[in-house]
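Novice: Go ahead and model the full structure; you've got the sequences and the hints to work with.
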Amino acid sequence: MNFLVDTSVWSLALRRSEPGAEREVARLREALLARESIYTTGLILQELLQGFRGPRQRDAILHRFSALPTITPDRDDHVEAAEVRNRCRRGGVQIGTIDALLAQLAIRHELVLLTTDQDFRHAAAHVPLKVWR
1 MNFLVDTSVW
11 SLALRRSEPG
21 AEREVARLRE
31 ALLARESIYT
41 TGLILQELLQ
51 GFRGPRQRDA
61 ILHRFSALPT
71 ITPDRDDHVE
81 AAEVRNRCRR
91 GGVQIGTIDA
101 LLAQLAIRHE
111 LVLLTTDQDF
121 RHAAAHVPLK
131 VWR
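Using my numbering, the first residue of the sequence shown is number 1, and each one after it goes up by one.
Rather than coming from a laboratory, the hints here were simulated on the basis of the structure. There's no promise every hint is true.
Unchecked claim - So the derived label-pair ranges between C-beta atoms look like this: (1) Pro69 <-> Arg29: 11 to 21 Å; (2) Arg121 <-> Pro55: 33 to 43 Å; (3) Arg35 <-> Val79: 28 to 38 Å; (4) Pro128 <-> Arg58: 33 to 43 Å; (5) Arg89 <-> Leu33: 16 to 26 Å; (6) Arg58 <-> Arg89: 30 to 40 Å.
This one's a predicted model, so the numbers in the text were calculated from it and none came from an experiment. Ideal placement from N, C-alpha and C gives every residue a C-beta, glycine not left out.
Specialist: If you want it as structure tokens, here you go:
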């Protein structure tokens with residue numbers, strides 16, 4: 001399986017000294033051990049770096065993420081992310097701008113989103129987003 005791993009899962013996985021009980025964190029560990037394809041994007045890296053303190057944590061995150069392929073959104077992704085957000089809103093689901101862009105990147109690259117954020121599960125009812133369950 002090919003994954004885009006959301007900040008919510010990375011944050012839980014990186015903050016714990018012991019393996020997390022969350023199913024999503026366990027699935028991330030399985031995917032890493034099995035060498036499944038795991039992708040990231042600059043927004044996820046930025047969110048993680050904003051949430052951690054100190055140069056050692058920063059350097060550890062940068063080192064770990066250097067091994068992951070990074071997806072860079074283009075103009076069309078931003079246009080389509082606006083449509084994702086609008087379709088969700090018409091369906092009664094509010095998602096933020098960044099979440100809409102992450103959803104669009106997962107859709108375009110045919111990745112399964114690994115997240116603990118329920119907003120993405122609600123959005124998947126209105127757009128062709130695949131969310132790991």
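Novice: Each hint should be assessed against the structure and marked as holding or not.
Specialist: Comparing the hints with the structure gives:
At roughly 19 Å, the beta carbons of Pro69 and Arg29 sit within the given window of 11 to 21 Å. Separation of Arg121 from Pro55 is about 36 Å and conforms to the stated range, judged on CB atoms against 33 to 43 Å. For the pair Arg35 and Val79, the beta carbons lie near 34 Å from each other, so the given range of 28 to 38 Å is met. Checked against the hint of 33 to 43 Å, the pair Pro128 and Arg58 passes, with Cβ atoms roughly 35 Å apart.
With their beta carbons about 39 Å apart, Arg89 and Leu33 fall outside the hinted range of 16 to 26 Å. Restraint check, Arg58 to Arg89: a C-beta distance of roughly 36 Å satisfies the suggested window 30 to 40 Å.
In terms of the numbered hints stated before, the structure departs from hint 5 and from no other.
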